[in-house]
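Protein chains: 4
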Amino acid sequence: MTLLFERLKRDAAAEWDAYVHHEFVRDLGDGTLPKPAFQHYLVQDYLFLIEFARAYAIALYKAPSLTEMRKASAGIQAILDETSLHLRLCASWGLDAAAVEATPEARATIAYTRFVQEAGLRGDILDILIALSPCVVGYAEIGAELAQTGQGLDGTNPYADWIHEYAGSGYQAVAQASLEQIERLAGDYLTEARYPRLLATFRHAVRLEADFWQMGLSLAD
Amino acid sequence: MTLLFERLKRDAAAEWDAYVHHEFVRDLGDGTLPKPAFQHYLVQDYLFLIEFARAYAIALYKAPSLTEMRKASAGIQAILDETSLHLRLCASWGLDAAAVEATPEARATIAYTRFVQEAGLRGDILDILIALSPCVVGYAEIGAELAQTGQGLDGTNPYADWIHEYAGSGYQAVAQASLEQIERLAGDYLTEARYPRLLATFRHAVRLEADFWQMGLSLAD
Amino acid sequence: MTLLFERLKRDAAAEWDAYVHHEFVRDLGDGTLPKPAFQHYLVQDYLFLIEFARAYAIALYKAPSLTEMRKASAGIQAILDETSLHLRLCASWGLDAAAVEATPEARATIAYTRFVQEAGLRGDILDILIALSPCVVGYAEIGAELAQTGQGLDGTNPYADWIHEYAGSGYQAVAQASLEQIERLAGDYLTEARYPRLLATFRHAVRLEADFWQMGLSLAD
Amino acid sequence: MTLLFERLKRDAAAEWDAYVHHEFVRDLGDGTLPKPAFQHYLVQDYLFLIEFARAYAIALYKAPSLTEMRKASAGIQAILDETSLHLRLCASWGLDAAAVEATPEARATIAYTRFVQEAGLRGDILDILIALSPCVVGYAEIGAELAQTGQGLDGTNPYADWIHEYAGSGYQAVAQASLEQIERLAGDYLTEARYPRLLATFRHAVRLEADFWQMGLSLAD
Chain L
1 MTLLFERLKR
11 DAAAEWDAYV
21 HHEFVRDLGD
31 GTLPKPAFQH
41 YLVQDYLFLI
51 EFARAYAIAL
61 YKAPSLTEMR
71 KASAGIQAIL
81 DETSLHLRLC
91 ASWGLDAAAV
101 EATPEARATI
111 AYTRFVQEAG
121 LRGDILDILI
131 ALSPCVVGYA
141 EIGAELAQTG
151 QGLDGTNPYA
161 DWIHEYAGSG
171 YQAVAQASLE
181 QIERLAGDYL
191 TEARYPRLLA
201 TFRHAVRLEA
211 DFWQMGLSLA
221 D
Chain V
1 MTLLFERLKR
11 DAAAEWDAYV
21 HHEFVRDLGD
31 GTLPKPAFQH
41 YLVQDYLFLI
51 EFARAYAIAL
61 YKAPSLTEMR
71 KASAGIQAIL
81 DETSLHLRLC
91 ASWGLDAAAV
101 EATPEARATI
111 AYTRFVQEAG
121 LRGDILDILI
131 ALSPCVVGYA
141 EIGAELAQTG
151 QGLDGTNPYA
161 DWIHEYAGSG
171 YQAVAQASLE
181 QIERLAGDYL
191 TEARYPRLLA
201 TFRHAVRLEA
211 DFWQMGLSLA
221 D
Chain G
1 MTLLFERLKR
11 DAAAEWDAYV
21 HHEFVRDLGD
31 GTLPKPAFQH
41 YLVQDYLFLI
51 EFARAYAIAL
61 YKAPSLTEMR
71 KASAGIQAIL
81 DETSLHLRLC
91 ASWGLDAAAV
101 EATPEARATI
111 AYTRFVQEAG
121 LRGDILDILI
131 ALSPCVVGYA
141 EIGAELAQTG
151 QGLDGTNPYA
161 DWIHEYAGSG
171 YQAVAQASLE
181 QIERLAGDYL
191 TEARYPRLLA
201 TFRHAVRLEA
211 DFWQMGLSLA
221 D
Chain D
1 MTLLFERLKR
11 DAAAEWDAYV
21 HHEFVRDLGD
31 GTLPKPAFQH
41 YLVQDYLFLI
51 EFARAYAIAL
61 YKAPSLTEMR
71 KASAGIQAIL
81 DETSLHLRLC
91 ASWGLDAAAV
101 EATPEARATI
111 AYTRFVQEAG
121 LRGDILDILI
131 ALSPCVVGYA
141 EIGAELAQTG
151 QGLDGTNPYA
161 DWIHEYAGSG
171 YQAVAQASLE
181 QIERLAGDYL
191 TEARYPRLLA
201 TFRHAVRLEA
211 DFWQMGLSLA
221 D
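Protein chains in written order, with UniProt numbering: chain L, 1 to 221; chain V, 1 to 221; chain G, 1 to 221; chain D, 1 to 221.
Derived by calculation from the structure, the hints in this document are not laboratory data. Careful, some of the hints might be misleading.
[Said to hold, decoys possible] With beta-carbon atoms standing in for the labels, derived distance ranges:
1) G:G31 with V:A97: 48 to 58 Å
2) D:Y195 with L:P158: 54 to 64 Å
3) G:S218 with L:E180: 33 to 43 Å
[Said to hold, decoys possible] Now the stretches of chain G that chain L is said to cover, found in silico as 3 or more residues with beta-carbon under 8 Å:
4) 76-82
5) 86-95
Since we're looking at a predicted model, the values are computed, not measured. Just so it is clear, CB atoms sit at the ideal spot from N, CA and C, and this is done for glycine as well.
Throw the hints in and build the complete structure from the sequences for me.
Structure (C-alpha cells):
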C-alpha cells in the first residue's frame, strides 16, 4: 500500500519539485545566494517558527492519545530550540532577538502560517500534520540533497551551517518521526473520500513554502 | 450495513433508554410533571438553545461543502425559531425574554452545551453531529412516543403543546434530515478506528441529556 | 473620541489608499478592465464568499450576546445571497455553479480568507470584525466612489452592475451596520494595549485585499 | 487597585468557600477520607490533567507574545510531570498507567475540563486563565491550609504526600506565577464591560471544582 505522504508527493509532483529545487535552494547549495536574501529569509523564518510552535499546540490539543500529545509537546520544544540557530546567526549580523521579533511578518510568512493553523483548527490532527509536512519533511529532503552536492558543506559555502543543521541526524530523525506520525494517524483517520481535500491542503502548503523562498529571494515584505 | 446512528444507539442502549424514558419524560407524557419543574426546564432549555445555535455555527464553519454549510445555516435559523415556542410559553407565566436571558445557566445546561461545542472544535463535523444527535434525534423519538400514548396530546395534559411541537411533522422532518446528514458524513469521515471515540462522545452526550431532565425535575441550579 | 475604524484607517492610510484606488478598481470604474481579469476575479470572489460565510459563523460562535448572534446569522445569510449576483454573472458567461465551485482557490483567495478565519479563532469577535472590515466596509467605499464618477454607472460600462450592487442602499446599509457593530464591540473589548495588535491585523487584511485585486488583474492562480 | 483574581474571589466568595473547604478537603486534612474515595478521585484527576495539558496548549496558541508562549509550554510540561505523582500512587495500589488511562472519564471530569477548553477556544487567553485558576491557584491555597493544621503533614495521615505536593514550594511557585500571569494579562485585555462575563466563568469553574471533590466522595461516574 502506498504511504499517504508518498501518494501526496506523487500527486503534487510539479509543486513539490518547484519547492525543493527553488532558485533560493540551489543558490544556498552552491553558496551564491546574496547575503541580504538569506538574512531576510532567516528573520522571517524566525517569525515563522513562532507561529509553527502555535500550530504544534493546536496539534497537541487535537491529539487522540497521550502518546501523540507527548510527541506534539516535543515538537513545540524542538521548534523553540530551533530558533536558537536563527538568533545565533542573526546576532552574528548585529541583529538581536528584540530586533528580530519586532520585524513585521511578511505576506509569505503570514500566508503559510495562518493556512496551517486554520487547517488544523477546522479539521483534525491529520489535516494539520499534512499542512505542516512540506516544512518538516521538505527541509530534511532539501538539507540531505544539498549536503550531498560538492559545495553544500564546503567550508567556503557561507550557508554550510544552515545546510548542516537540516542534513544532520538530529533534524533527519525529527522528519522521519513526523512521517511515521502521519502514516500512523492516517491509519486512524484517513478515508478515501477525504483524500482529495488532503491533497488540496498539501498542494497549497507546498506552494506556500515555495512562495516563502521567493519572498527571501525578492526581499519581499 | 448498520447505519452509524443505529449502531451508536445499540451500543449505548442502557444510556439511551435512561434518557428517553426518564421520569421527567414519563411525567410530561401523563401530565403529572409539576409545573415548577417544567418551567425550570424550559427556561434552561432556552439558554441551551442559544448555545446550540453556536454549536451549529461551529458545524457550519467545519462543513466540507456549500451544501452542508447551507444545512447548518438552516439549523441555526431553526433553532432561533424554536426559541419562540419557549418565549411564548414563558410569557404566559409572566416571564419575559429579558428575565429568561438573565437567568444563570444551570450546571446541566453548561455541561451538555460546552461538551458539544468542544467536541466540535476539537474534532470534525461528524464529531459535533454525533454530540448533537441525542438532542436533535432524541427529542423527535420522545415526542413521537409520547404522542402515541393516550394522554400525550390529550386536551387535559398541560404539556400537550410541547409534545405536539416535537411530535409534529415539522420537527420530525428536522430530525430525519439530521439522521441523513450523519450517515452522509459518516460515509465521508468514518473509520473503524474512530468508532470507539465516537461512541464515547455519544454515550457522554446521552448521559448529559438525561442529566438535563434530572435538573428540571430537581430544580437544580 | 476617534472611532476605532477611523483610527485604523488613518494609521494604515497608505495601505488603505493602495487598496481602494488599486488599478483594478480604477479600471472597473472607467470600464477598461479586461473582461478576463474581471471574470477571474469574480470566480475567485465567489470562492472567497463561501469562506467569508464560515468567518461569520466563527463570529456568531464568538458573539457575546443573542443580539450579536442574530446579526452574525444575518451576515451569513447576506453572504449566501450575495453569491447569487456572482452566479448570475458567471452563468451569462457560460459558467455554471458546479464549474465555479470546482475552480481551485487562488493563493490570494486562500491568503485573505484563512487570515480572517484564523484571526477570529485565535482572538475574539473584535479581532474577526477588524479582519473582515476592509472587505465589508471597503467595498462600500469603493462602490460609492465609483458610482460618483461619470463612467461608473454609465450604461456603456460593462461593470456598472457590479458598481451598482455595492453603491446601492442595500449594501451601504450592510457596511454601515458593520461599522456600528465594530464600535459597539470596541466599547466592550478594546483596550489601548490591544490597539497595536488590532492595527497589525487591519493592515495585513487591507494588504491582502489589495493582493486580491492584483490577483484578478494578473490572472494569478 | 484590586487585583482581578482577588476581586473574582471576593465576588464568588460563597462558591470559593464551598470549594476550598469541601468535605473531601477536610477529610483529606484529618486523614479520615475513605481510601476508595481518594483512589476514585485520583484516577479521575489523572484524566483531568491530560485534558488540562490540552487547555494549556490552547493558552499557548492564544498567547500574545513569545514570553507567554514559553510560560504556557512550561505549564504543559509541569502538568505532564504532575501526572507522575498520580501514577506512582496508583501503582502502589496495583493500578498501572494503562488501567488508569482506560478508565472512562466521570461526568465531573468532563464537565470541568470541557468548560475550560471551550472558554479558551471561544474567548482569549484571559478567559482560559480565569477558567483554569480555581484549579491552579485553589490547590495551592488548599495545600497550604491543610499543611498548617496539626494533622495535614502528620506521618499518620495517609494523604500527607498529596498535601505535601501542593503545599510544597514547587507547586506554590507555580500558583504564584499563574496569579502574576493573570494580572499581567488583565492589564492587557481586561475591560470593565467584560468583568461580569469573566466572573460568570470564574463562578462556574469554582462550582465545577467543588463538584469534582463531590464526585470523589460519592464515587460518582
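Tested hints:
1. At about 51 Å, the beta-carbon gap between G31 of chain G and A97 of chain V stays in the expected band of 48 to 58 Å.
2. The hinted range of 54 to 64 Å is satisfied by Y195 of chain D and P158 of chain L, whose Cβ atoms lie roughly 55 Å apart.
3. Restraint check, S218 of chain G to E180 of chain L: a C-beta distance of roughly 41 Å satisfies the suggested window 33 to 43 Å.
4. Counting residues of the region 76-82 of chain G whose C-beta lies closer than 8 Å to any C-beta of chain L gives 0; at least three are required, and the coverage claim is violated.
5. Against chain L, the region 86-95 of chain G contributes 0 residues with a C-beta closer than 8 Å to a partner C-beta. That does not satisfy the three-residue criterion, and the hint is violated.
Hints 4 and 5, counting from the list given before, are not met by this structure.
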